[in-house]
Every structure is written in C-alpha cells, then in structure tokens.
Amino acid sequence: MPELYAVMTFMLIGAVIAVSMRGLLSSVIAVGAVGLGLCVMFLFLRAPDLAITQLVVEILMLIILIRATIGRGVSRIHCESGIWIGASFMLFSGVFILAACAALKEIPDFGRALMRVSDFYIKNALNKTGAANIVTSIILDFRAYDTLGEATVLFASVMGVLALMRKKGRKKTDERDEPDC
Amino acid sequence: MDIVLFLTGFYALLMKRNLIKKVIGFGIMEYAVNLFLILVGYRSSGEAPILDNKASDMLFVDPLPQALILTSIVIGLGVTALMVGLCIRIYQHYGTFDIAEIRRLRG
Amino acid sequence: MTNFLVIFVALPLFAAFALPVMARFLKRGFDMLSAVVTGILSLCALCIIFNPPAFPLVYSMGSWQAPFGITWLLDSLSAFMLLVVNGITFFVSVYSINYMEQYTGKWKYYCLFMLMLAGLNGVVLSADIFNLYVFLEITAISSYALIAFGTGAEEVEASFKYMVLGSVASAFILIGIGFLYAKTSTLNMFDMANVLSATGASSKPLLFVSSLFIVGFGLKSALVPFHAWLPDAHPSAPAPISAMLSGLVIKTIGIYALVRIVFNVFGINFVTSQLLLALGGISMFVGVILAIGQWDFKRLLAYHSISQIGYVVCGIALGTPLGVAGGIFHLLNHSIFKSLLFLNAGSVEYATGTRDLKKLGNLQEVMPHTSWTSLAASLSIAGIPPFCGFWSKLVIIIALFQADRPFYASLAILVGIITLGSFLKIQKYVFYRKVKEKFSKIKEAPALMCLSMAGLAVLCFAVGIFFKPFFGKVIMPAAEILIAGKEYFITILGG
Amino acid sequence: MSLIVKRITRYTVGLILLYGIYIVLHGHLTPGGGFAGGVIISLSFIHFVLAFGRKEAKKNIPEQFLSLGESFGAMFFLAIGLLGITAGFFFLNFIANTGTPFSLFSAGTIPFCNIAIGLKVGTGLFAIFIVLSVFKLSGEGDKK
Chain Y
6 MPELYAVMTF
16 MLIGAVIAVS
26 MRGLLSSVIA
36 VGAVGLGLCV
46 MFLFLRAPDL
56 AITQLVVEIL
66 MLIILIRATI
76 GRGVSRIHCE
86 SGIWIGASFM
96 LFSGVFILAA
106 CAALKEIPDF
116 GRALMRVSDF
126 YIKNALNKTG
136 AANIVTSIIL
146 DFRAYDTLGE
156 ATVLFASVMG
166 VLALMRKKGR
176 KKTDERDEPD
186 C
Chain H
123 MDIVLFLTGF
133 YALLMKRNLI
143 KKVIGFGIME
153 YAVNLFLILV
163 GYRSSGEAPI
173 LDNKASDMLF
183 VDPLPQALIL
193 TSIVIGLGVT
203 ALMVGLCIRI
213 YQHYGTFDIA
223 EIRRLRG
Chain D
121 MTNFLVIFVA
131 LPLFAAFALP
141 VMARFLKRGF
151 DMLSAVVTGI
161 LSLCALCIIF
171 NPPAFPLVYS
181 MGSWQAPFGI
191 TWLLDSLSAF
201 MLLVVNGITF
211 FVSVYSINYM
221 EQYTGKWKYY
231 CLFMLMLAGL
241 NGVVLSADIF
251 NLYVFLEITA
261 ISSYALIAFG
271 TGAEEVEASF
281 KYMVLGSVAS
291 AFILIGIGFL
301 YAKTSTLNMF
311 DMANVLSATG
321 ASSKPLLFVS
331 SLFIVGFGLK
341 SALVPFHAWL
351 PDAHPSAPAP
361 ISAMLSGLVI
371 KTIGIYALVR
381 IVFNVFGINF
391 VTSQLLLALG
401 GISMFVGVIL
411 AIGQWDFKRL
421 LAYHSISQIG
431 YVVCGIALGT
441 PLGVAGGIFH
451 LLNHSIFKSL
461 LFLNAGSVEY
471 ATGTRDLKKL
481 GNLQEVMPHT
491 SWTSLAASLS
501 IAGIPPFCGF
511 WSKLVIIIAL
521 FQADRPFYAS
531 LAILVGIITL
541 GSFLKIQKYV
551 FYRKVKEKFS
561 KIKEAPALMC
571 LSMAGLAVLC
581 FAVGIFFKPF
591 FGKVIMPAAE
601 ILIAGKEYFI
611 TILGG
Chain U
6 MSLIVKRITR
16 YTVGLILLYG
26 IYIVLHGHLT
36 PGGGFAGGVI
46 ISLSFIHFVL
56 AFGRKEAKKN
66 IPEQFLSLGE
76 SFGAMFFLAI
86 GLLGITAGFF
96 FLNFIANTGT
106 PFSLFSAGTI
116 PFCNIAIGLK
126 VGTGLFAIFI
136 VLSVFKLSGE
146 GDKK
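Protein chains in written order, with the numbering used here: chain Y, 6 to 186; chain H, 123 to 229; chain D, 121 to 615; chain U, 6 to 149.
The reader is advised that the hints may include incorrect statements.
[To be verified] With a cut-off of at most 35 Å between alpha-carbon atoms, the simulated DSBU-like pairs for lysine-lysine come out as follows:
{"no.": "1", "chain 1": "D", "residue 1": "Lys548", "chain 2": "D", "residue 2": "Lys563"}
{"no.": "2", "chain 1": "D", "residue 1": "Lys478", "chain 2": "D", "residue 2": "Lys588"}
{"no.": "3", "chain 1": "D", "residue 1": "Lys324", "chain 2": "Y", "residue 2": "Lys110"}
{"no.": "4", "chain 1": "D", "residue 1": "Lys548", "chain 2": "D", "residue 2": "Lys479"}
{"no.": "5", "chain 1": "Y", "residue 1": "Lys128", "chain 2": "D", "residue 2": "Lys479"}
{"no.": "6", "chain 1": "D", "residue 1": "Lys226", "chain 2": "D", "residue 2": "Lys479"}
[To be verified] Listed below are several chain D residues computed to face chain Y (Cβ distance under 8 Å; list not exhaustive):
{"no.": "7", "residue": "Ser180"}
{"no.": "8", "residue": "Met181"}
{"no.": "9", "residue": "Trp184"}
{"no.": "10", "residue": "Ile190"}
{"no.": "11", "residue": "Thr224"}
{"no.": "12", "residue": "Gly225"}
{"no.": "13", "residue": "Phe250"}
{"no.": "14", "residue": "Glu257"}
{"no.": "15", "residue": "Ile261"}
{"no.": "16", "residue": "Ser262"}
{"no.": "17", "residue": "Lys303"}
{"no.": "18", "residue": "Thr306"}
I should point out that these hints are in silico values taken from the structure, not numbers from a laboratory.
For every residue, glycine included, the Cβ atom is placed at its ideal position computed from N, Cα and C.
Please model the entire structure based on the sequences and the hints provided.
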C-alpha cells in the first residue's frame, strides 16, 4: 500500500515540524496538517464516517487553539529539559519500540483482521436495527451505552470549561450567603 | 511508523516546556492511537461498512474499531478543550506559557 | 428486576444533566439534590449487599448478548465496590453542602460531582473493556475540572499536571485495548478471557499489554514511579474533592480496574505479580518517607495516600486468599479514614484559613467534633487495635509472612510505625499543642460538616468492632472472585 | 472583518447549518451522524461569530439557550435509553424494524439518538468556544 506509507510519512514530517517549530502559530498549523493527513488516511482505509468527523473536529480544534494562542505573548522559550531526562526518554522509547515490535508480530497481519464479533454486526445490522450504516448501528444500537458515555464526556468537558472560566473562584467571606449563578 | 508518531507526541507532551506545545503533543499522540486502532481493523480489499440496496455479499472492513475511534475522537476533543481552558487560566495567572516559570508547586 | 441496576449510572447522570436547567430556575436547593441522589444510591448498594441477588448477575445492554453488546457484571466484588463508592460519596456530598459555600458557581460543582459519581459507578459495573475506558475518562475529566475548581494559580497548575499525566495514562490504556482487540477481536471481558486462554499462552504480547495497563492504571492510581501528580493535585482540590479523589477515584479507576483486568482477564502470572508486589512495596515506603518532611496538612495526607495504596497493591498482588482479602479490606478502610482525614483537614482550613501545621494549634478546645473524628481516623490509619485500619494491616502482614515474603512484611511493619509517628505529629500540632490566644475566635465547623465527619468516624469504629462477620460475609466472597482468576470469567460466558 | 467576508458569511452560514442538519438526519444511512453533524452545526455558529464579532452574534444567538440546549440534548438521549427499559433493557432499540430500510424513517431509535446528540454537541461545543473567547477579552491583565 504505497499511498498509505506516503500519507504516513507526511503525517510524521508534519508532527516533527509541529513539535520543533518555534512559533506557536506555525506549529498549530502543522498539527492541522497532521490531522488532515489522518483524515486522508481514514478515507484510504475505508472509514468515511471517521474522515468526516476527523475533518470537522480538526477544524474546531484548530479554531480553539488559534484563539487560545493568538495575541498571547510568544515569549521565546529556549533550552529544552536536561540531558538526563532526554536520555531516559530515549531509553524508554527504545524499549517501547522493541517491545511493541515484538508484540506486533503476534497479532494478525495487516489487512487480515479477525472479526469474530464484527461479522455478527455486519450480518445483522440491517435486519436487526434497520440502519444501513453499520458504524452508526454499532454506536447507537449495539454499543449505544458507550455513546452515552461519550456524550457524557463531552458534557463533562463543557461543564469543566464553564466551571474553569468563572469570573471569580472563591467568594469573599462576607458575601457567603448570597445566591449565585 | 505509527509507534514513532506516538512517540513524537509523547516526547512533546512530556519534554516540551511550552504548555501549548504540550497540548499539541497530546493531539499528535491521540492521532497515533486512532491510527493504530484503524489499522487494526483494516481488511484487504474490504469496502466501507455502509450497506446499500444492491449487493449483499461484499467484504467489509471491520466496523467496530471505527465506532471505537469515533468515541475516542470525541474524548480527545473534550480533553483538548479542557486543556486549552486550563492553559488560558494559567496564562492569566502567570503571563506565560513556559512551565519553567510556573513552578510554584514543588516537591 | 435486573433493570434495577441501571439506577446506579442513570440517576446521577440524569441529575447532572438536569442541574444546569434547574440552576436557571432555582436559586438554591440543588445542593440537596446531590445528597438525596447519593443517599438513594447508597441505600440501593446496601440492599444489594444485604439481600444479594444470584451472583454473578450479567446485565446486557439493549438485550445484545455477551460478546456482541455491552454487558454489566454484578458480583460480590463489584457489589462491594458499589457500596464503598456510593457510601463515601453520600458522606462527602453531605459535607459539601456547607463547605462549598465559599466557592462560586455551586451548580457547576454539583454537576461535575454527579458526573464523577456516574463515571465511578460505570467503571465498577462495566464488563466491557472499552466501556470501562470511556467511563474512566468521564471520571478523569470531571476530576481534572474539579481540582481546578478554585481557579487559583496553584489549583490550575496542579490540575494541568494531573491532566498531562492522566492523558498519557489514557493513551497507554487505549493502545493496550487496541492490542487486545487485534489479538482477540472482541471487547467483552468474558469473551476475551476465553479467547486468550483458548489460543494458548503466547505470553509475549500479553506481557506487553499488561505492562501497558500497569503503566496506565499505575499513573491513574499514583503508584510510586508514577506518583508525581498526586501530591499536587490532591491538596489543591476543594476538601470534599480531595476526599473523593484520595478515597475513591485512585482506587476505582486505578486499582479496581487494573485488578479486574489483570486477574480476571489475563490470569495473574508470576511476572506481573512480582512487578505489582515490587511497585506496591516501593510506593508503601517512598510515600511514607516523603510524608515525614511535610508541613502542609493536606499534602502530608496525600503522601500517606500513596503509601496506603502501596499496602493495598501489595496485599492484592500476593494472590493468596488472605492477601487479596486483606488488600480489598484495606481498600475499604483506607477510603473511609482517608476521606475522613481530608474532610477534617477541610474543616480546619474552613475555620482557620490555613493548613500549615506550624501555624495551627490547640484546636481541640474550639473544634471538639473535628478533633475527635480526626483522632479516630488517625488511630485507624496508624493501625491501633479497635479501629478498622488495624485489622486490614494485620491481615496483609500475616498474609505476607505466610506467602514467605518476610522482607515485604517487615517493610509493612516499619511503614506502619512511621505512619503512627507521622499522625501523632498531626494530632499534636493541630489539636493538642498549646499556642497563644490566636484561635480563640474560631468557630466549630457547620453542623452538616460535623455530621458527615461523625458518620465516617463511627464507621471507622464500627468496621473495626464488627470486623469478623463483615470480613466473612462481604470481603471473602469478593476476594474469592479475584482468586478464581480467568476461569471465573470463562464460566460466566459458558453459563 | 471586512465587508466581503461579512457578505459571504451571510450566505454560507445558512448553507453550513443546513448541511449539518442533513448530516444529522441521515446519520443512519450515509457517513456522518449525530456527532459530525453536531460539530458542523456548531462550526456554522462559530463561523458567524468569527465574521461578525461577538456583539453582533449576541443579538442573533441567545447565549442562555446554549447550556439549556446541551442539557436537553443529553437528557433526551438518556431518556431514549431509559425508555428501552419499558421494553426490557436499558438502551433497547424498542421500535426497531418499523420503517422500511434505506429510507429516512427507519432504524428505530437511531435517528432520534442522532438528533439528540447533534443538538447536544452543537450547542455544547459552541458554548466552549464562546466561553473561551469571551474569557480572553475580559479576563486578562490581572496577573498576580
């Protein structure tokens, strides 16, 4: 699959650029490129649902990130963390790559997913739920409870942001009894 | 290759001293995880898992990881939004995104 | 009547969703809502404990059977965890009615609080590995937001630190889930155990996945190499949230989830058990050593949390019946007395405005209720006989000796002694030391705070007194499930 | 923003909104679904805010409906799940197989779930955006 490797290389380069760029704005844009690469990747791997979602989420995330960074003083942040931490990180990543490669050999090869459970979904999605889109039938019927959790995660983060962005965190002691909202 | 992408994000998340860079690193790490999950579910010459009226005997790719990724994208979005919120709050308190200057809590 | 179980997730979620709407029309009253919700839930959990349905009870969402849909599992272990979670949450929410008066935006607090409870209950009940991840994230996200609830500089920074490490943990866990899915092509835990044992013991990927999970859940539960966030995060949160985090969150989304997966899905083997035992021993020791030099009340307690979590992990990792039972029992005890201690610290801070041990003193006269409840909790954590902490530590130490690990056993005894010293220090500096007339104007904490602290203190005592029937009726069945290992899950799938 | 941007935005916002609603409603037939559609809906609002600025947007989009919309979306979704209990199980698709397959009204509860999620996600994400950008304008400057 040459196109997969091409896109993956593109993503990797984008990621490296995003991490190593000095200016925040350019690295935000680079991470956007990585996200678009992932979106293309989803298309190649036959996942149109994910491609759409990834695209729009990417846009939203970029808007939020840019709004957050723009205008904030980009004080140049030079020196990286110390050598010891870097070395231990290198060690860790070496071990991680070796272990992951060893473990990857044991799982089925690329392109040959086992699909013990998923065959059931594919066979029964239409006549049991009536939805043509199997992914939708999974997330909203077979595993709808997961989606409740997902909606709750989003709700929690909205509430969290609302709670974080209050004007004032604590009341003064003398105004304790006033109602708030 | 996917592992390298993951490690890049991991590197940024742990090593970088800029808060926004950390958020970006988190984003990259999450892309890598999603990519890994979708690669797991691919089946050669499979079709996208959407039925239509005509043929019934097609070979589909695994739909279950796609459902999982959908959920994990949403979770990532939520976490990122909250992280950005925290970053803005930190910026308001300290006037910088540099964690070297934000070391009030130690030990 | 299995639909009865749904209440544990649906009720707090519904309360959380309804709170923003209620807050628009009502000015107050939503603080009562959370107390009522948690009260109902803890009553339900008590009902399950005392009048158990036929265990194991498998509940399939949307009537899709085990490997295809999401399933819940209620057995004696998860029933026990439900009791712990909902009971402690009830006391904490009663406490926060008064305590949260000092913050703005109360309905947001209660909303996040309810979400956290729903997440915890979801984690406890879930028998689907991805579903467990989702609910773990709910708990984690609401706890990030709750730590930063005061929006001060330190709170925000601590929360960010927690968030960075927590998201690393989540990524590790998710990769582990991906590997497992690739290997077994299922997400259901019963089915996964079945497939893993059927395909034979190719232990290499399994070892990799278990180390991923140990790192991930270890980060969430702050075992020692991964503990960096805890001493910042727990003291910064509002006191009820510190109690929740220390008493419940690190245990449920860390220990419980890890143990469930490692024991019941993978089946414990020699390497993982050694690894966990070593991690537990290190955390036990390092936590208490770091705690010695602390002068911040809550931070000291946070370090002790690390150390006590070490006890729990040590006990469970042994894998012998007595060890597992001791670990689980200590989990219960720790969540009782550590939440109580954090609530005490909260009311001291509420009354005096500081938590520096050097500035406090002589509070025993002005805050008698806080003083005696704190005394009970301290005696309990230090392992003084009639209180609950003694029994569980005793069981763990005996189990360590029985399993022929005298090193860990003596380590546990040593740590117990240091803990005793450290809490004598707290008692002396906060409550009994004579200082000048600085704190004479201080009032005792409000009634509801005292009430919930007293409730927890009585629990501390009662669990210690009724140790024997409680241990036999509740703890041992829960421990047997973990001992049974993956055969247990395989039989569930078959039956 | 300049006049050109504003003028174009006036036309495109409606289109994007419609597209989002289409994605939500056809989630069970075509790629997309409640979440993607919801994000598109919120993006259309965000587009509007970015082009016109906050004050203009406040006139057109009542902010207090945001959190209400979010709560109602979430409660709606939960209620669908709870209604399943009446037929036996949490999240049982209790009206499956009622419509003809491949038409808009099929697949039982799935379209309703999609609508609920779309409502929730659209309003929720827009609320995040509003809060983050509002905070930027008002809160800065009180460094400690």
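Against the structure, the hints come out as follows:
1. D/Lys548 to D/Lys563: Satisfied, since the Cα-Cα distance of roughly 20 Å is no more than 35 Å.
2. D/Lys478 to D/Lys588: violated, 40 Å
3. D/Lys324 to Y/Lys110: holds, 10 Å
4. D/Lys548 to D/Lys479: This hinted pair holds, its Cα atoms lying about 12 Å apart.
5. Y/Lys128 to D/Lys479: violated, 70 Å
6. D/Lys226 to D/Lys479: With a Cα-Cα distance of about 30 Å, the restraint between D/Lys226 and D/Lys479 holds, given a limit of 35 Å.
7. Ser180: Since the shortest Cβ distance to chain Y is 10 Å, the answer is violated.
8. Met181: Holds - the Cβ of D/Met181 comes within 8 Å of chain Y, reaching about 5 Å at its closest.
9. Trp184: With a closest approach of 6 Å, the D/Trp184 hint holds.
10. Ile190: Holds: closest Cβ of chain Y sits about 5 Å from D/Ile190, inside 8 Å.
11. Thr224: Hint on D/Thr224: holds, closest Cβ of chain Y at ~5 Å, below 8 Å.
12. Gly225: holds, 5 Å
13. Phe250: holds, 7 Å
14. Glu257: At about 5 Å, which falls below the 8 Å cut-off, the nearest Cβ of chain Y leaves the hint on D/Glu257 intact, so it holds.
15. Ile261: This interface hint holds because 5 Å falls under the 8 Å limit.
16. Ser262: Holds, about 5 Å.
17. Lys303: Holds, about 5 Å.
18. Thr306: OK, holds: D/Thr306 within 8 Å of chain Y, min 5 Å.
This entry does not satisfy hints 2, 5, 7, going by the numbered hints stated previously.
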